[in-house]
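Enquirer: Residue numbers (the numbering used here), protein chains in the order written: chain D, 5 to 340; chain E, 96 to 470.
No lab work stands behind these hints: they were computed from the structure.
You may find that some hints are simply not true.
[Said to hold, decoys possible] Stretch by stretch, here's where chain D covers chain E in the computed footprint (C-beta under 8 Å, at least three residues):
hint	region
1	140-149
2	198-212
3	458-467
In this text, a Cβ means the ideal position worked out from N, Cα and C, and glycines have one as well.
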Amino acid sequence: MKNDKITLAHGSGGKLTHELVKQLFLPRFNNKALSQLGDSAILHIHGMRIAFTTDSYVVKPLFFPGGDIGMLAVNGTINDLAVVGAEPMFLSAGFIIEEGFELSLLEKVVNSMKEAATLASVEIVTGDTKVVEKGSVDGLYMNTCGIGIVNDGIHLSTSSIEIGNKIIVSGTLGDHGMAVLSERDSLGFTPSIKSDCAPLSGMIKKILASGAHIKFMRDPTRGGLATTLNEIVNTQKYGIVIEEQAIPVNDGVRALCEILGYDPLYIANEGKVVIVVSAHDAERVCDILKEDSLGRDAAIIGEVVVEPKGKVCLKTVIGGTRIIDMLVGDQLPRIC
Amino acid sequence: MKYIDEFRNGTIAINLSRKIADLVRGLDTITLMEVCGSHTMNIYRYGLKKLLSSNIRLLSGPGCPVCVTPTSYIDTAIAISQKYSQEVLITTFGDLFRAPGSSSSLEREKARGASVIVVYSTLDALEVAKKNAGKKVVFLGIGFETTTPTIAASIIEAEKRNLTNYFVLTSHKVMPPVMEALLRDKELNLDGFLCPAHVSTIIGSKPYEFIARDFHIPCVIAGFEPLDILQGIYMLLEQITRKESSVKIQYSRVAKYEGNPTALALLDRVFEPCDAEWRGLGIIPGSGLKLRSQYERFDAHTVFRISDFGFQINSAICNPQSAINGCICGDILRGVKLPADCKLFGKVCNPEHPVGACMVSSEGTCAAWYKYGEN
Chain D
5 MKNDKITLAH GSGGKLTHEL VKQLFLPRFN NKALSQLGDS AILHIHGMRI AFTTDSYVVK
65 PLFFPGGDIG MLAVNGTIND LAVVGAEPMF LSAGFIIEEG FELSLLEKVV NSMKEAATLA
125 SVEIVTGDTK VVEKGSVDGL YMNTCGIGIV NDGIHLSTSS IEIGNKIIVS GTLGDHGMAV
185 LSERDSLGFT PSIKSDCAPL SGMIKKILAS GAHIKFMRDP TRGGLATTLN EIVNTQKYGI
245 VIEEQAIPVN DGVRALCEIL GYDPLYIANE GKVVIVVSAH DAERVCDILK EDSLGRDAAI
305 IGEVVVEPKG KVCLKTVIGG TRIIDMLVGD QLPRIC
Chain E
96 MKYIDEFRNG TIAINLSRKI ADLVRGLDTI TLMEVCGSHT MNIYRYGLKK LLSSNIRLLS
156 GPGCPVCVTP TSYIDTAIAI SQKYSQEVLI TTFGDLFRAP GSSSSLEREK ARGASVIVVY
216 STLDALEVAK KNAGKKVVFL GIGFETTTPT IAASIIEAEK RNLTNYFVLT SHKVMPPVME
276 ALLRDKELNL DGFLCPAHVS TIIGSKPYEF IARDFHIPCV IAGFEPLDIL QGIYMLLEQI
336 TRKESSVKIQ YSRVAKYEGN PTALALLDRV FEPCDAEWRG LGIIPGSGLK LRSQYERFDA
396 HTVFRISDFG FQINSAICNP QSAINGCICG DILRGVKLPA DCKLFGKVCN PEHPVGACMV
456 SSEGTCAAWY KYGEN
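Throw the hints in and build the complete structure from the sequences for me.
Expert: Here you go:
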């Protein structure tokens with residue numbers, strides 16, 4: 005039963021999204037920068053390396069515990085720049101607004117964008133506004149693009165990853181996805197779970213400046229940690245083993261996941277980074293992260309191994325093992 | 096997390112797996128079957144098979160409600176959404192959303208414009224009905240004895256609230272008759288049943304007694320956590336090695352001999368037994384539940400005169416031969432074949448493009464094999 009229509013799963017960030025990118029977009033737009041499929045494209049312009057990225061935001065609801073669509077749109081793009089090793093500098097902002105949308109709500113969104121941009125020392129330098137008939141969009145959709153400079157000496161790539169390298173996550177998993185879900189469906193959990201939406205550029209700058217051998221970074225947004233790790237090992241001659249016991253998850257998120265049958269490894273994050281680093285530097289990088297308020301729960305969760313090649317394996321809490329696949333279907337549509 | 100971590104203790108798990116190994120050392124292969132999708136998932140999720148001796152064979156039976164729901168049921172739901180597209184809202188649990196009918200799924204129909212809403216509970220479906228007074232809201236009522244009381248409760252509640260636009264398309268199943276059907280299957284040689292946790296909290300342990308008494312097959316009602324499952328397996332092996340057969344409750348913190356009288360009374364008030372079709376197993380007498388006649392006005396089968404548009408379901412909307420060709424979900428549900436025996440598994444049939452229901456439901460055996468790397 006092949007799809008002849010786009011389903012919500014095509015936008016999940018999981019397997020069908022990858023299929024769409026690889027079968028539809030990549031062959032047609034074929035170029036070197038795009039084919040890297042990084043969080044940002046790295047462009048070589050007049051001897052400089054410029055990172056360039058774009059992201060659209062359709063989160064529902066627009067306001068959720070710990071953030072809103074404006075904060076998400078700024079931080080999401082900042083993070084896509086930061087994880088490729090770039091220093092975020094300038095952002096654009098596009099608004100697609102439904103006729104009848106409350107001006108006061110738009111003002112609230114724009115204020116939080118300003119706050120997020122100021123916090124991360126980036127400027128929003130260009131933008132666009134469109135309004136469509138009532139019913140054509142759900143309140144407000146946004147797009148942001150961003151550019152930043154990749155400083156000399158920083159070369160992050162999955163091809164630099166070696167057997168024995170360690171995998172670090174900068175904190176607890178699943179907070180954003182579960183915060184949006186609990187707000188959307190009025191599940192009434194108290195205390196409410198807060199989104200981890202935050203700019204990672206400051207913290208990432210510290211670990212890059214430490215001289216540690218960082219091999220690769222990615223922010224585990226849609227599809228969660230499981231999808232990110234699969235993207236790393238995909239078609240590579242190495243695999244990754246992670247320890248379930250070592251993976252930090254907030255009790256509230258765990259409880260909600262248990263009740264609703266979700267796996268925190270697949271839930272979206274908006275303020276976390278996955279770092280692949282040499283074994284020698286892993287503890288040091290973890291310590292640097294822990295000094296930052298955004299990285300206080302950082303943990304070494306696994307390592308790069310010879311087998312199973314191209315796969316991610318989890319050692320379960322009870323001593324069993326299982327393969328972790330990419331997200332299939334869409335657990336939670338419109339999470340960002 | 097309290098009351099969760101205790102049941103996932105690695106040290107106890109290793110000790111239990113050693114005790115199990117001691118018990119079965121030198122014995123022929125022992126075949127145990129679990130008949131609950133949550134057991135299936137957790138066996139794979141926690142990698143339990145790797146903790147068990149190689150002469151213990153775990154089979155997954157027809158315990159996933161989506162997997163055993165016949166194709167014709169999905170076709171019927173789709174047919175209602177098409178025939179009454181202007182007036183009907185379909186509400187469903189998430190798992191069924193992606194389940195394939197003969198040639199489409201509710202997910203694909205939604206992409207084509209059908210009104211389908213995924214809900215977490217029947218009470219959410221009642222809210223949908225309340226907020227959409229001008230529409231007829233159809234809830235897709237599938238599931239075993241665990242889920243069915245919540246559907247019964249929603250019907251009582253709809254009656255109390257005078258909701259006249261809430262209907263249920265029922266396809267409820269009960270567990271003991273299908274277990275009997277499996278035991279009568281000559282291709283299957285089972286040594287023990289790991290009985291479902293939550294179904295048993297409702298029905299208790301009594302309905303399984305005939306299995307131990309008449310078929311001499313031991314049964315253990317086990318919880319879903321990894322230590323529950325390991326201990327359940329240990330308790331089964333104890334009986335098997337002593338050549339005993341009785342129904343024991345490992346999940347005694349919740350499941351009781353008499354079950355849950357309130358839920359059973361609710362079930363009895365709203366539903367009555369009927370024959371039911373199981374995907375891959377055919378019609379099993381007395382294995383289903385249908386609405387009692389006094390609740391007929393909530394029955395989507397009656398209200399939408401489904402018997403009248405059977406012709407359309409069979410011809411225009413679906414093409415049974417083309418879609419399911421080669422799929423062995425039925426044999427997998429009976430436990431006589433494994434996903435690896437299916438030529439479609441992992442190739443044409445995968446979670447993005449499921450052919451059979453065992454691949455689409457997160458609790459399905461094929462989905463568990465695929466997701467947790469048994470392929």
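Enquirer: Look at each hint and say if it fits the structure.
Expert: A quick look at each hint next to the structure:
As drawn, the region 140-149 of chain E meets chain D at 7 residues by the rule of a beta-carbon pair under 8 Å; at three or more, the given contact holds. Coverage of a stretch by a chain is defined here by at least three residues with a beta carbon nearer than 8 Å to that chain's beta carbons; for the region 198-212 of chain E and chain D the count is 8, and the condition holds. Requiring three or more residues with a Cβ within less than 8 Å of a Cβ of chain D, the coverage given for the region 458-467 of chain E holds, as 3 such residues are present.
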